[in-house]
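From first to last, the protein sequence lines stand for chains S and L. Be aware that the first sequence starts at 1, since it is given in this note's numbering, and climbs by one per residue. Be aware that the second sequence starts at 1, since it is given in this note's numbering, and climbs by one per residue.
Read the hints as simulated data drawn from the structure, not as lab findings. Treat each hint with caution, since some may be false.
As the list claims (entries may be wrong) - Pair ranges (Cβ atoms, derived): (1) S:L328 to L:Q151: 34 to 40 Å; (2) L:E16 to S:K161: 38 to 44 Å; (3) L:L168 to S:S350: 56 to 62 Å; (4) S:V154 to L:E278: 52 to 58 Å; (5) S:A407 to L:F73: 42 to 48 Å; (6) S:W53 to L:E16: 52 to 58 Å; (7) S:S237 to L:L66: 34 to 40 Å; (8) S:A316 to L:F73: 47 to 53 Å; (9) S:A407 to L:E278: 43 to 49 Å; (10) S:S350 to L:E236: 52 to 58 Å; (11) S:S269 to L:E127: 30 to 36 Å.
To be verified - Reference listing, derived: stretches of chain L covered by chain S, where coverage requires no fewer than 3 residues with Cβ under 8 Å from a Cβ of chain S: (12) 25 to 35; (13) 146 to 155.
We put the CB at the ideal spot given by N, CA and C, even for glycine.
Below, each chain spelled out in residue letters.
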Amino acid sequence: MHNKDNAKAPFLLFWGAALCACIAAIPLVYLAIRIGGAGVREIVSILTRLRTWETVGISVSLAIVVVTASLLISYPTALLLTRTKLPLRRFWFTTAALPLAIPSYVAAYAWIALIPGMNGFWAAALVLTAVSFPYVLLPLLVSLRSADIGLEQVARSLGGKPTAAFFATTFRQSIPAAAAGSLLVALYVLSDFGAVALLRVDAFTRVIYTSYRASFDRSNAAVLAGMLVILAVILISLERKARGRTLRFRADKGVASITVPKALTPISSALSSLWFIAIAVISLGIPIISLLIRLAQGARRPLDWAELMSAVVNTAWISALGAVIAVLLALPIAALASKFRRKSTSTVESISYSGLALPGIVIGLSLVYLSLNTVPFLYQSFVLLAFAYAVLFLPKSLGASRSSLEAIPPALAQVAQTLGYSPLRAWLYTSGRISLPGIAAGGLLVMLTAMKELPATLMLRPTGFDTLATELWSRTELAAFGAAAPYALALILLAAIPSFALSRSFLTSEKETMVVA
Amino acid sequence: MSAITVQDLSAGYGGEAVISDISFELAEQQLLAILGPSGSGKSTLLKAIAGFITPMKGSITLEGVLVSGVTTFVPPEKRNIGLVPQEGCLFPHLDVSGNIGFGIKRNPNLRQRVEELLEIIGMKEFEHTRPQELSGGQQQRVALARALAPQPKLILLDEPFTALDTSLRAQMRDDIRSILTLTSTTAIMVTHDQEEALATADQLAIMQGGKLIAFGTPHSLYNTPKSIAVAQLLGEINVIPAVVEADRNVRTDFGVSTTQDSRELNAGELGALIVRPEAIVIDEHSTPNATIVDSLFHGHDSLISVRMDSGLVVKLREPTQINRAPGDRCSVSVTRPGTFLRS
Numbered sequence: 001m002h003n004k005d006n007a008k009a010p011f012l013l014f015w016g017a018a019l020c021a022c023i024a025a026i027p028l029v030y031l032a033i034r035i036g037g038a039g040v041r042e043i044v045s046i047l048t049r050l051r052t053w054e055t056v057g058i059s060v061s062l063a064i065v066v067v068t069a070s071l072l073i074s075y076p077t078a079l080l081l082t083r084t085k086l087p088l089r090r091f092w093f094t095t096a097a098l099p100l101a102i103p104s105y106v107a108a109y110a111w112i113a114l115i116p117g118m119n120g121f122w123a124a125a126l127v128l129t130a131v132s133f134p135y136v137l138l139p140l141l142v143s144l145r146s147a148d149i150g151l152e153q154v155a156r157s158l159g160g161k162p163t164a165a166f167f168a169t170t171f172r173q174s175i176p177a178a179a180a181g182s183l184l185v186a187l188y189v190l191s192d193f194g195a196v197a198l199l200r201v202d203a204f205t206r207v208i209y210t211s212y213r214a215s216f217d218r219s220n221a222a223v224l225a226g227m228l229v230i231l232a233v234i235l236i237s238l239e240r241k242a243r244g245r246t247l248r249f250r251a252d253k254g255v256a257s258i259t260v261p262k263a264l265t266p267i268s269s270a271l272s273s274l275w276f277i278a279i280a281v282i283s284l285g286i287p288i289i290s291l292l293i294r295l296a297q298g299a300r301r302p303l304d305w306a307e308l309m310s311a312v313v314n315t316a317w318i319s320a321l322g323a324v325i326a327v328l329l330a331l332p333i334a335a336l337a338s339k340f341r342r343k344s345t346s347t348v349e350s351i352s353y354s355g356l357a358l359p360g361i362v363i364g365l366s367l368v369y370l371s372l373n374t375v376p377f378l379y380q381s382f383v384l385l386a387f388a389y390a391v392l393f394l395p396k397s398l399g400a401s402r403s404s405l406e407a408i409p410p411a412l413a414q415v416a417q418t419l420g421y422s423p424l425r426a427w428l429y430t431s432g433r434i435s436l437p438g439i440a441a442g443g444l445l446v447m448l449t450a451m452k453e454l455p456a457t458l459m460l461r462p463t464g465f466d467t468l469a470t471e472l473w474s475r476t477e478l479a480a481f482g483a484a485a486p487y488a489l490a491l492i493l494l495a496a497i498p499s500f501a502l503s504r505s506f507l508t509s510e511k512e513t514m515v516v517a
Numbered sequence: 001m002s003a004i005t006v007q008d009l010s011a012g013y014g015g016e017a018v019i020s021d022i023s024f025e026l027a028e029q030q031l032l033a034i035l036g037p038s039g040s041g042k043s044t045l046l047k048a049i050a051g052f053i054t055p056m057k058g059s060i061t062l063e064g065v066l067v068s069g070v071t072t073f074v075p076p077e078k079r080n081i082g083l084v085p086q087e088g089c090l091f092p093h094l095d096v097s098g099n100i101g102f103g104i105k106r107n108p109n110l111r112q113r114v115e116e117l118l119e120i121i122g123m124k125e126f127e128h129t130r131p132q133e134l135s136g137g138q139q140q141r142v143a144l145a146r147a148l149a150p151q152p153k154l155i156l157l158d159e160p161f162t163a164l165d166t167s168l169r170a171q172m173r174d175d176i177r178s179i180l181t182l183t184s185t186t187a188i189m190v191t192h193d194q195e196e197a198l199a200t201a202d203q204l205a206i207m208q209g210g211k212l213i214a215f216g217t218p219h220s221l222y223n224t225p226k227s228i229a230v231a232q233l234l235g236e237i238n239v240i241p242a243v244v245e246a247d248r249n250v251r252t253d254f255g256v257s258t259t260q261d262s263r264e265l266n267a268g269e270l271g272a273l274i275v276r277p278e279a280i281v282i283d284e285h286s287t288p289n290a291t292i293v294d295s296l297f298h299g300h301d302s303l304i305s306v307r308m309d310s311g312l313v314v315k316l317r318e319p320t321q322i323n324r325a326p327g328d329r330c331s332v333s334v335t336r337p338g339t340f341l342r343s
């Protein structure tokens, strides 16, 4: 029987999934309502303020600078890794994804702790580039590695010089991957709160936060948040397009010839190694060394273990609660989207991806307004904070659940039904049961990501409830760098887990390619 | 009582009929093969019988009980129909006995029944093996045992042999045939392989374009097909122009022969005689009346094309001992005349 049904989805499943998607869209919808409530005159006045456009200017230039820097770092790095017999090549490969493990505010803290008084636009550009450039490097590595060298060889056989041949063929093939990565970096920079706030750059997120704190001007925060969402939506749709093109590039080719890495002369070998060492020092070395120095120096007050432990416990359980909600919201949508291909089902799925376009600070803001105006008893409650995590990271859980459900032939559930199981029980005992590890992994990913979340946590946490992120934040704000160090270390350890998983899967695919070669 | 009766059944997706006006009846303990090219609606018919799609028209009756009709619709889990999908689709998280016992968890004699079935499919030593470690044929047998466990009224097999190697297919066919006989199970099997259908089934249903174009025993459909389309689906044929001389005697280029048809034929009627290649032979001792055009080697036999002196080209099948070359002269004759079809 056919794998995918173009049949109509069961009534309950469809509306259950639609309900979950709508719940996930609450923050976005409420933000729109709140902006509308400000009135046209107010909106126009905010939009015509010079300061508003200064903020746009700062955020956009920051994104442009970071993207440019990431491209300048990633292209040579990727070429050296894929085309040469660089010393320690495999080691550099494994470390490629690691900088992503360092939350931006931890990196910012480490730099400030090393160079007190460091702040401003260029400081933020440095820190954000150091933590986000792998978003460009990783897709570029994949693209260069799978690029069909045959084209380049043809170009050279037609008389092109090596560089000209490279730019005419392989470089062109790599553009979509680099573009998709660049857009991810831009999205990261626009939604980042921690680094710009600690380094005092008046980008969108920081201005939204300060306007919100200065409670007299909440419409300003809402309108700015709306502008930020629009920018994010534009970036996401561009990224989708770019990624679509990468796929097509690879889809329609036959057997690709694979590059034979070139040997390097001793001098170029030394220079390349220096390049890799410099990148590693800036992106990983300095944050970790600075952290260790502060840890060794200790704080004025001895470390309060009880406080640290309570932050760890708080962080773990609130993130776990968020992950559970995310999985529960994702399941019906994933079950629907993996089995029924129709316009109505893909609409439901798109709505639930709204978390992608909502930076943490925006979700925090929207949920604060929502709770204050409509459900005051939920304001600063655990439920609301966990819900914010769930909406923010729902796309991760949805992606994991959906892909593991899609791998299961629907005939399994049909067989169970012919063996006397009701449709729901048949699904639970077959597809549901078999995809459980994948769904759980998605949940774990949500939990690990939520543990690092800063802006929404700052805005929504119950009074007196501290997580690792908020403790690090408040200590850094007070310039208590020594006291902040244990929290930063704990966060890096936590955050390293998913990154290790990422580089491990990357390494295995590297091995497979080597076998083919 | 018939095991299953299907009457005027039309079904499809989204208001569009894929199959229409299907009617047939199958006696208990019979194996029905549904044969047809892909897109002919075989799988849709199977889904409608299993209860995975709601028919637009018509009825399905199982052992005298209406399961699908104008106002009745029994869901799949209440029909007691077993299903063996393509490639088996065993539950990957359960071992062999877990798979077989899946549908009879509430049965107090669970263990006993599972062991009985393991015995029937000859896989006792594989009780605790995971599906991933089984060969394709073994997976298929476990899938059959799983479907048989709750003693269903009917078993549906959806192209059960497509995923198997050609060398394994014949063996599996015999295995499944004998397991079904041993357990006295009524079964419907969907296939697009005519050899498989002819070799396995008690009854044969032929589908084309969503319609049931023939129903009968493999023997009758092969030897006395009711249309050229049906004849072609079951194997190579020769369509030889013929005219009726007297009742059941028709004249062709081969002379006058008696058809296997039981129908009344009127003298002077024009039409064609359907003759299988194996019913035409080369006679070494008569005067040559044909020239070899082509010979296709098939291992156990050869398919030879000859041009009769009258201009008619026919195909015949012959054991491969004799080597025929294009241009050779020979004498051909019909040993077993087929059906006469009016044009």
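Here is how each hint holds up against the structure:
1. S:L328 to L:Q151: 34 to 40 Å: Because 39 Å falls inside the window, the suggested range holds.
2. L:E16 to S:K161: 38 to 44 Å: violated (60 Å)
3. L:L168 to S:S350: 56 to 62 Å: violated (46 Å)
4. S:V154 to L:E278: 52 to 58 Å: holds (55 Å)
5. S:A407 to L:F73: 42 to 48 Å: violated (31 Å)
6. S:W53 to L:E16: 52 to 58 Å: Cβ of W53 (chain S) to Cβ of E16 (chain L): about 56 Å, so the range 52 to 58 Å holds.
7. S:S237 to L:L66: 34 to 40 Å: violated (53 Å)
8. S:A316 to L:F73: 47 to 53 Å: holds (50 Å)
9. S:A407 to L:E278: 43 to 49 Å: holds (48 Å)
10. S:S350 to L:E236: 52 to 58 Å: At roughly 54 Å between Cβ atoms, E236 (chain L) and S350 (chain S) fall inside 52 to 58 Å, so the hint holds.
11. S:S269 to L:E127: 30 to 36 Å: Violated, since S269 (chain S) and E127 (chain L) (Cβ atoms, about 60 Å apart) do not stay within the stated range.
12. 25 to 35: violated (count 0)
13. 146 to 155: n = 5 at 8 Å, threshold three: holds.
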